Amino acid sequence: MTSQALCALSGIEIQKKVASGDVSAVEVTNAFLERITHQDRKLHAFLYVDAEGALAQAATVDRARKAGETLGPLAGVPVALKDNLCTRGVPTTCASKILAGYVPPYDADAVERLRRAGAIAVGKTNMDEFAMGSSNENSAFGPVKNPWDETRAPGGSSGGSAAATASSMASFALGSDTGGSVRQPGAFCGVTALKPTYGRVSRFGLIAFASSLDQIGPFARSVREAARVLSVIAGHDARDATSTTTAVDDYEAECGKEVRGLRVGVVADALGAGVDAEVVKATRAAVAKLAELGCEIVDVSLPHATHALAAYYLIAPAEASSNLARFDGMRYGLRKTGDDLTATYGTTRAEGFGPEVRRRIMLGTYALSAGYYDAFYVKAQKVRTLIRRDYDAAFKKCDVVLTPTSPTTAFKLGEKTSDPLAMYMADIFTLPPSLAGLPAVSIPGGYSADGLPIGLQLTGRAFDEKTLVRVSDAYERASGWLSRRPSEIV
Amino acid sequence: MSDTKITLEDVRKVARLSRLALDEAALAQMRGELSKILGHVASLNALDVSNVEPTYHAVPMNAPLRADVVQASLPRDEVFASAPKTEAGGFAVPKVMDGEG
Amino acid sequence: MATTYEPVIGLEVHAQLFSKTKMFCGCSISFGAPPNTQVCPVCLALPGALPVPNARAIELAVRAALALGCTVNERSVFARKNYFYPDLSKGYQISQFDLPLNTGGKLVIDTPSGPREVGITRIHVEEDAAKNLHGVGHGTDTLVDFNRAGTALIEIVGEPDLRNADEAEAYLKKLREVLMFVGVNDGNLEEGSFRCDANVSIRPVGQEKFGTRCELKNINSFRFVRKAIEYEITRQEAVLSAGGTITQETRTYSDGLGKTIPMRTKEDAHDYRYFPDPDLPPLVITRAFIEKLRVTAPELAEQKRTRWQKELGVTLYDATVLTGHPKIADYFEEAAAALAGKDASPEARAAAGKKVANFVQSEVLRTVTTRGLEAEFAVSAEYVAELLRLVEGGSISGKMAKDVFAEMITTGRSASKIIEQKGLSQVTDTSVIEAAVAEVLAANASQVEKYKAGKTSVVGFFVGQIMRATKGAANPQLVNDILKKMLDAQ
Ligand SMILES: [Mg+2]
Ligand SMILES: [Zn+2]
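So the sequence lines, in the order shown, correspond to chains A, B and C. Under numbering that gives the first Met the number 0, the residue at position 422 of the first sequence is numbered 421, and the numbers go up by one with no gaps. Under numbering that gives the first Met the number 0, the residue at position 98 of the second sequence is numbered 97, and the numbers go up by one with no gaps. Under numbering that gives the first Met the number 0, the residue at position 392 of the third sequence is numbered 391, and the numbers go up by one with no gaps.
Accuracy of the hints is not assured; some may be wrong.
What the hints assert, rightly or not - Within a straight-line C-alpha distance of at most 25 angstroms, the following computed DSS-like cross-link-like pairs (lysine-lysine) qualify:
| hint | chain 1 | residue 1 | chain 2 | residue 2 |
| --- | --- | --- | --- | --- |
| 1 | C | LYS401 | A | LYS335 |
| 2 | C | LYS105 | C | LYS291 |
| 3 | B | LYS84 | B | LYS94 |
| 4 | C | LYS130 | B | LYS84 |
| 5 | B | LYS94 | C | LYS105 |
| 6 | B | LYS12 | C | LYS80 |
| 7 | A | LYS396 | A | LYS41 |
| 8 | A | LYS335 | B | LYS12 |
| 9 | A | LYS96 | B | LYS4 |
| 10 | A | LYS396 | A | LYS335 |
| 11 | A | LYS15 | A | LYS96 |
| 12 | C | LYS226 | C | LYS216 |
| 13 | B | LYS84 | A | LYS381 |
| 14 | B | LYS35 | A | LYS335 |
| 15 | C | LYS80 | C | LYS216 |
| 16 | C | LYS401 | C | LYS353 |
| 17 | A | LYS381 | B | LYS4 |
| 18 | C | LYS80 | A | LYS381 |
| 19 | B | LYS94 | C | LYS291 |
| 20 | B | LYS84 | A | LYS411 |
| 21 | B | LYS4 | A | LYS335 |
| 22 | B | LYS35 | A | LYS415 |
| 23 | A | LYS96 | A | LYS16 |
| 24 | C | LYS216 | B | LYS94 |
None of these hints come from the bench; they were simulated from the model. Keep in mind that this is a model prediction, so the values were computed, not measured.
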């Protein structure tokens, strides 16, 4: 097979070919490494390509096959990892100057699980610094370009993982989602992007942004691939005190099932003012398609969702201000020595962090400081309770909630960088499930007139990723969007 | 919090608490940006949450406990692999004064 | 007339919990390891690492709380205390704030005016900081050793119920004793496993309101506690008497200068921005668990002293010496029980207790080495009981017992073995034989008269009587010699 043909295969097909010996994992890996060399010059989805490590891992898979061992469900399948996932011996920077060149001595739990399943980690993907951003423009090492239109943002913060997946530089990728950082770039880049229930995937080895919201999730070009990856990375980990012991379902088994009788909740407010007309139109078309498939469409409301943005921009920065205190130039990472200890701290952190990270640290510190804690932080957490209750009520009437993933399609690079608040608005639909800890997936739901992907977001009950997969897969098959890919970058 | 007008003094204090050495221009710009965000956040004032319990953990659970069994520590070369400065088996840091920090 | 002032003192004690591993990671806490060899991603705060609480540490904290009469809260919350310091790897300490594990206890101390109850506000669990080493390196840098970082601690916050340095010292000693007897803390002040901060203020006698307090930090010996508090009281009195006011500040005691001196602090140094740690769900322990620890609680030194005086025939002084260390107390009880034997009468138990108490104090204690909660005895309690039983049975005298004990220490053999091997089983103790001879002579006055009259054949009768009295153990040659001498002296 040609390199190009190999890269066009799904991860499911690659695994099958590697397991049967049709193709070696090393051949697959070489094909993808070659593709990265060509495609990523323009896209800048990768911060680090680990050719040596990837080929070594591929050789291990091939040896195991020759020895007659049963291969894992992702054997020989190339994966790209967001650069906030710790990888033993491979630089992990969070796209921040403060961690430039930092090499962790251990693998994140999700990375360990991928390796055990035979996946080949080809490299680390670009992101908004410390996962703070919705456009990837906050990377200290320069932004990622959207594979559908290089003048546009890939979304953020997992923009590199989304772009790498969309442009087939890896079969799939992992990202992390705090307020939409998997789903929104998934929508902008036209791939399936799933944020599991909080606690479903271990956060051990994920460099924290906001600990009560962060979840690792997969990007894939199809729902089935995403489902398989989720099965691999999900599961209890004793090293993360917030990791659930709830049993992991066979998500892939949900693919191909009927959805007749499932109830889909539609939030009328999510199709109102501030949402692009094309996004509204695509969402309505998706609702009609689901109805055609036999789903029951019901109206639901999330009355407190409008407060999600305000609550999120207190909670996440507050947690971040504390989580990022360890980056102090003392034990690892950048150190800018000043006149004394205090000056060393201040200079290291002011120069090591970019503007958005500094802003959020300041905001979070303020929200937690004496005199403001109750009015800001505690109040925001109470709003979170109200949003949870909204979902509890909604899920009495429906099985999944459908909204757009983002109010717009991918915006132009530089379009929103001068106005942080305008940028934050990109997350209005992804924030409520995040605050409630619920699983949500973004799937391609159509294309705008200028050919940009539009994302649909489905939110499920806690730990009910199964139903999300089932509905997404049924829609994907019925819609035919799967065959649409960005044109090759030349 | 509606009339939260963040002053330059507040910003300076928060920068100091955050250990971010910002110059005057950066402090002034930060003040403008934070004011704008805090202005938006003030929309929460419209809600009466006096009888609502806060949700600190979205998925309710209790802390799991770990058995008191010694696990291998990191080898010394990995401990210091990314350290800016080390000496005599320790992380070397600028001289620490009492009460500083 | 000059105002007389009353000091008000409250102590905060940090005590290391006697677990094998740290509070939130599996690193060993054994003392004396080379710097930075007992560290891992968690306690070094490497990016992505997460804390998981130590079950044993929680158990020990509850044991301590129960011994101090606290209410153990079934639900408590770990909170982050945020501040920057090179010995604090994460930039925050995981502690407990508004929902601590234990609240409201008391400790009774002895004062010249009788027992006095000192309130305990709360006992919470937290982690220790690393150790800053000054003046060790070549330059001016401080060197940080993270071996201690993350060690499990309880912080015991006392009410401001103490009124002078004597009481403060008594409180600390009593607290240390309680913690050692429940096996929670090794009481080692030099190694820093039991540390104290003191809040000291003074107020005019009769005034309700507290004066402005100063916090005295890191006082690492009982002697320093006394000196620091005494100095501080005198200093504050001098300030107020001269019409000045006390500045609320943190001070440290310098033994070299013999005084407390202010610590350098920056204006806004303390805004700890406590908030619930999002990495750690609430700590929930069951009533059943608490009750189990309550019924298995070890006897405290205080209770032992009272009981021993009642049951084991010892004085308060003896009991105090013998409760100097939990292992010494155990040793005493074991030896006393072994000497008394099973089903002994209360009188016999008291008699045995008294004998053991004397022997342990006069002989055994010299040979004991204690290290933390451990103690090493040269001779087992069982052996000591056997030795004293031999004295009791008349096999050897009390005086000889000391020589035999010395032999037991050097050879490790039992008393009976030594007596047998050295031929000591025959009574060679002249004082024992003399006593037997005197008894026989006194009981047989008519035979003595016959001897005096020249009838030397009665010697045989006397020898027989003496041998019977010494159960045949007396050395015959000695008996002959002593009998002859004593008869002739009649
Ligand atoms: Mg403390
Ligand atoms: Zn550790």
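Each hint, compared with the structure:
A hinted pair counts as satisfied when its Cα atoms are at most 25 angstroms apart, and C/LYS401 with A/LYS335 does not qualify at roughly 69 angstroms. For the hint linking C/LYS105 to C/LYS291, the alpha-carbon distance of about 21 angstroms falls within 25 angstroms, and the restraint holds. At roughly 13 angstroms between alpha-carbon atoms, B/LYS84 and B/LYS94 fall within 25 angstroms of each other, so this suggested pair holds. For the hint pairing C/LYS130 with B/LYS84, the CA-to-CA distance comes to about 17 angstroms; that is within 25 angstroms, so the pair holds.
With a C-alpha separation of about 41 angstroms, the suggested pairing of B/LYS94 with C/LYS105 is violated against the 25 angstroms cut-off. Taken as a hint, the B/LYS12 and C/LYS80 pair is honoured in the structure, with Cα atoms around 18 angstroms apart against an allowance of 25 angstroms. At most 25 angstroms may separate the alpha-carbon atoms for a hinted pair to count; A/LYS396 and A/LYS41 exceed this at roughly 47 angstroms. Distance check on the hinted pair: A/LYS335 and B/LYS12 sit about 21 angstroms apart at the alpha-carbon level, within 25 angstroms; holds.
Of the pairs offered as hints, the one joining A/LYS96 and B/LYS4 is violated, with about 32 angstroms between alpha carbons and a cut-off of 25 angstroms exceeded. For the given pair, A/LYS396 sits about 56 angstroms from A/LYS335 by alpha-carbon distance, which is inconsistent with the 25 angstroms threshold. Proposed proximity of A/LYS15 and A/LYS96 is contradicted: the alpha carbons are some 40 angstroms apart, above 25 angstroms. Simply put, C/LYS226 and C/LYS216 have alpha-carbon atoms about 13 angstroms apart, close enough for the 25 angstroms limit, and the pair holds.
With a CA separation close to 44 angstroms, the supplied pair B/LYS84 and A/LYS381 exceeds the 25 angstroms bound. Distance restraint check for B/LYS35 and A/LYS335: the Cα-Cα separation of roughly 31 angstroms exceeds the 25 angstroms cut-off, and the hinted pair is therefore not satisfied. With a CA separation close to 18 angstroms, the supplied pair C/LYS80 and C/LYS216 stays within the 25 angstroms bound. With a C-alpha separation of about 17 angstroms, the suggested pair C/LYS401 and C/LYS353 falls inside the 25 angstroms cut-off, and the hint holds.
The hinted pair formed by A/LYS381 and B/LYS4 meets the criterion: a straight-line CA distance of about 23 angstroms does not exceed 25 angstroms. In summary, the hint linking C/LYS80 to A/LYS381 is supported, as the alpha carbons are separated by about 21 angstroms, within the 25 angstroms threshold. Our distance criterion of 25 angstroms between C-alpha atoms is broken by B/LYS94 and C/LYS291, whose separation comes to about 48 angstroms. Distance check on the hinted pair: B/LYS84 and A/LYS411 sit about 42 angstroms apart at the alpha-carbon level, beyond 25 angstroms; violated.
The hinted pair formed by B/LYS4 and A/LYS335 fails the criterion: a straight-line CA distance of about 33 angstroms is larger than 25 angstroms. Taking the CA atoms of B/LYS35 and A/LYS415, the gap is near 15 angstroms; set against the 25 angstroms cutoff, the hint holds. A distance of roughly 41 angstroms separates the Cα atoms of A/LYS96 and A/LYS16; the hinted pair therefore is violated under the 25 angstroms criterion. With a CA separation close to 20 angstroms, the supplied pair C/LYS216 and B/LYS94 stays within the 25 angstroms bound.
Of the numbered hints stated above, those contradicted by the structure are hints 1, 5, 7, 9, 10, 11, 13, 14, 19, 20, 21 and 23, listed in ascending order.
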